[in-house]
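Novice: Just so we're on the same page, the working numbering is the position in the sequence shown counted from 1, plus 7.
To be clear, the hints were calculated from the coordinates, so they are not data collected in a lab. Check the hints yourself; a few may be wrong.
Label pairs and their computed distance ranges (CB to CB) [as the list claims (entries may be wrong)]:
(1) E49 to R21: 26 to 32 Å
(2) E83 to A59: 23 to 29 Å
(3) N78 to Q54: 21 to 27 Å
(4) E44 to K70: 26 to 32 Å
Once the Cα atoms are required to be at most 25 Å apart in a straight line, the calculated SDA-like pairs of lysine to any residue come out as [to be verified]:
(5) K70 to E20
(6) K82 to A31
(7) K70 to L47
(8) K82 to E16
Using N, Cα and C, we set each Cβ at its ideal position, and we do this for glycine too.
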Amino acid sequence: PRLGVRGEEIGEERELPLDIGRQAYRLYHSLLQFTPELSLAEFLVKQPQHRAIARRVWTLGNKAMGDIQMNVLHKESLPMHLLRCKLA
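Build the full structure now, drawing on both the sequences and the hints.
Specialist: Structure below.
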């Protein structure tokens with residue numbers, strides 16, 4: 008991750024989302040609006056905006072350390088904090 012203003016630099020189309028927690032929260036609350044009998048595939052046909060986070064939760068949800076456990080959107084969060092985690 009880099010600090011900067013979005014939309015002013017080339018490569019924006021390749022950026023990865025950093026708001027994983029917020030996306031998971033929105034997915035969870037969207038799922039609550041549907042019946043439990045609905046399959047995930049049927050849900051995603053109706054709510055395609057959740058495809059990326061559903062895939063991430065599906066593949067990493069059962070791993071204790073599948074994702075970095077910090078709020079990278081916090082105003083005091085710095086890229087250095089993620090780097091420390093990766094190097095540890």
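Novice: Between the alpha carbons of K70 and L47, is the straight-line distance 25 Å or under?
Specialist: Given pair K70, L47 holds - Cα atoms ~20 Å apart, limit 25 Å.
Novice: Can the restraint linking K82 and A31 be considered satisfied, given a maximum Cα separation of 25 Å?
Specialist: Distance ~20 Å between K82 and A31 Cα, so the pair holds.
Novice: State, for the Cβ atoms of N78 and Q54, whether the hinted interval 21 to 27 Å holds or is violated.
Specialist: holds, 25 Å
Novice: Hint says 26 to 32 Å; check whether the CB-CB distance for E49 and R21 agrees.
Specialist: At roughly 30 Å between Cβ atoms, R21 and E49 fall inside 26 to 32 Å, so the hint holds.
Novice: Go ahead and decide if the range 23 to 29 Å is satisfied by the Cβ distance of E83 to A59.
Specialist: Cβ of E83 to Cβ of A59: about 27 Å, so the range 23 to 29 Å holds.
Novice: Holds or violated: K70 with E20, Cα cutoff 25 Å?
Specialist: Answer violated: K70 to E20 is near 29 Å, above 25 Å.
Novice: Within 26 to 32 Å or not, the Cβ separation of E44 and K70?
Specialist: holds, 27 Å
Novice: Decide if the proposed pair is consistent with the structure: K82 and E16, CA atoms, cutoff 25 Å inclusive.
Specialist: Holds, at about 21 Å.
This entry does not satisfy hint 5, going by the numbered hints stated previously; all others are met.
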